[in-house]
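> Chain residues, written in single-letter form:
Number of protein chains: 2
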Amino acid sequence: MIDSLIAHINKFISLDEADIAEVKTSAKAIVVKKKEFLLQPDEICRSNYFVSKGCIRLYFINRSGQEQITMFGIENWWITDYDSLETGKPSQYYIQAVEDSEIISLHKKTLDELLVKVPKMERYFRLILQKAYTASMRRFQYFRDQSDEERYRQFVALFPGFVQRIPQYMLASYLGFTPQFLSKIRGKPESRTRNQDNTDVNS
Amino acid sequence: MIDSLIAHINKFISLDEADIAEVKTSAKAIVVKKKEFLLQPDEICRSNYFVSKGCIRLYFINRSGQEQITMFGIENWWITDYDSLETGKPSQYYIQAVEDSEIISLHKKTLDELLVKVPKMERYFRLILQKAYTASMRRFQYFRDQSDEERYRQFVALFPGFVQRIPQYMLASYLGFTPQFLSKIRGKPESRTRNQDNTDVNS
Numbered sequence: 001m002i003d004s005l006i007a008h009i010n011k012f013i014s015l016d017e018a019d020i021a022e023v024k025t026s027a028k029a030i031v032v033k034k035k036e037f038l039l040q041p042d043e044i045c046r047s048n049y050f051v052s053k054g055c056i057r058l059y060f061i062n063r064s065g066q067e068q069i070t071m072f073g074i075e076n077w078w079i080t081d082y083d084s085l086e087t088g089k090p091s092q093y094y095i096q097a098v099e100d101s102e103i104i105s106l107h108k109k110t111l112d113e114l115l116v117k118v119p120k121m122e123r124y125f126r127l128i129l130q131k132a133y134t135a136s137m138r139r140f141q142y143f144r145d146q147s148d149e150e151r152y153r154q155f156v157a158l159f160p161g162f163v164q165r166i167p168q169y170m171l172a173s174y175l176g177f178t179p180q181f182l183s184k185i186r187g188k189p190e191s192r193t194r195n196q197d198n199t200d201v202n203s
Numbered sequence: 001m002i003d004s005l006i007a008h009i010n011k012f013i014s015l016d017e018a019d020i021a022e023v024k025t026s027a028k029a030i031v032v033k034k035k036e037f038l039l040q041p042d043e044i045c046r047s048n049y050f051v052s053k054g055c056i057r058l059y060f061i062n063r064s065g066q067e068q069i070t071m072f073g074i075e076n077w078w079i080t081d082y083d084s085l086e087t088g089k090p091s092q093y094y095i096q097a098v099e100d101s102e103i104i105s106l107h108k109k110t111l112d113e114l115l116v117k118v119p120k121m122e123r124y125f126r127l128i129l130q131k132a133y134t135a136s137m138r139r140f141q142y143f144r145d146q147s148d149e150e151r152y153r154q155f156v157a158l159f160p161g162f163v164q165r166i167p168q169y170m171l172a173s174y175l176g177f178t179p180q181f182l183s184k185i186r187g188k189p190e191s192r193t194r195n196q197d198n199t200d201v202n203s
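Residue numbers (my numbering), protein chains in the order written: chain B, 1 to 203; chain Z, 1 to 203.
Next up, chain B with everything else stripped away, as it sits in the complex (with noise of 0.2 Å):
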């Protein structure tokens, strides 16, 4: 499992032997069953999740007590709440699994001992933190300039797989709006989605 971390590794960063040991040595395989929590609000999150397999997601409860889902993580993308992790002040957010998932854990006290022992990771994390931080920057602009369905249907457009394979009224939490309306714009002529996928969007 800790394999799929190496060859993400890398791709931005060359390892040596002696780096992927060190990695090896840090990281944590986990398995979690679908719905299991890795963090759960008033927690301190402690480590920094990569998925290896599975789909994560990260969400909190608004004020009107529904779930908003701020990140998902799928395989080879790096989830956690820096804030809490960094600070360490407890989370308002869930980490949880969508699916049975297989997950590498770095708790942060071995991450930042990592940093020290192999510091060509640095740029590693950096890339990482580039590529997240410009999507949750182009994230923020389709939030201020697309409508509801056009964002649905870029989003589609772009992740045709991803849609097919989370709950719907997990992506309608993701992309900000109701499951109803969700249903209603996957019913119409144009949609690029499958009209006959009757998926219990609850399930």
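Simulated from the structure, these hints should not be mistaken for laboratory data.
Some hints could be false.
Since the list can't tell identical chains apart, any single copy or any two copies may satisfy a pair.
In silico DSBU-like pairs for lysine-lysine, Cα to Cα no more than 30 Å straight-line [to be verified]: (1) K11 with K89; (2) K131 with K188; (3) K28 with K188; (4) K11 with K108; (5) K120 with K11; (6) K120 with K131; (7) K120 with K108; (8) K188 with K117.
Chain B is already provided as a structure; the job is to place chain Z on it using the hints.
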């Protein structure tokens, strides 16, 4: 002017004399007048900009023809369009001086060379990006879970000096509402801003 950048870097990592010399060789100090552009749409973003003094904003024109401010950069903040900077694709953004400003510009090519010559700068930029990404996640949460008025009041509480410093129409754009709405809530008795402040919002 470059000393302010050196001081900022030294808050995160320790530069020795040789490192400082490399940073000084790589960085270019520029002075920009209020309203001057560092980037405009269809141009490729070539540099990352550190604000030594003044204030810079990053914005795009939405399809209603209105400015949507994505980010402000004040003293000790970096501002760039990472998407264009990394991919070499034309930007959709403007980067413009809100005040007469002193900027340290690091050209992409020079920055890449600096990261090879002084690898510990990877750590500095990793930490900077982590802060920026955390702030962007937090901002996204506020947009999804706060009313316009709450968002305004929280921003004023967090950055009282900054609110007095920028034109109010820019603050409205950044916070995602109209200048009219901003005037209205600023006039309320519970407003934490100075009601007697009659700054022309379009100055």
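> Checking K131 and K188: alpha-carbon separation at most 30 Å within a copy, between copies, both or neither?
Result: close neither inside a copy nor across copies, 34 Å intra and 41 Å inter.
> First find the shortest C-alpha distance between K11 and K89 inside one copy, then the shortest across copies, and answer within, between, both or neither for a cut-off of 30 Å.
Between copies only: 21 Å across chains, 33 Å inside a chain, cut-off 30 Å.
> How would you classify K120 and K131 at a CA-CA limit of 30 Å: within, between, both, or neither?
both (17 Å within a copy, 20 Å between copies)
> Can you give me the call for K188 and K117, within, between, both or neither, at a CA distance of at most 30 Å?
neither (55 Å within a copy, 56 Å between copies)
> At most 30 Å between alpha carbons: which applies to K120 and K108, within, between, both or neither?
Answer is both; intra-copy 17 Å and inter-copy 19 Å each pass.
> My question is about K120 and K11: at a cut-off of 30 Å on alpha-carbon distance, are they close within one copy, between copies, both, or neither?
both (13 Å within a copy, 20 Å between copies)
> When Cα atoms must be at most 30 Å apart, do K11 and K108 count as within-copy, between-copy, both, or neither?
both (23 Å within a copy, 20 Å between copies)
> Could you place K28 and K188 in one of the four classes (within, between, both, neither) given a Cα distance threshold of 30 Å?
The answer is neither: 45 Å in one copy and 54 Å across copies each exceed 30 Å.
In terms of the numbered hints stated before, the structure departs from hints 2, 3, 8, listed from lowest to highest.
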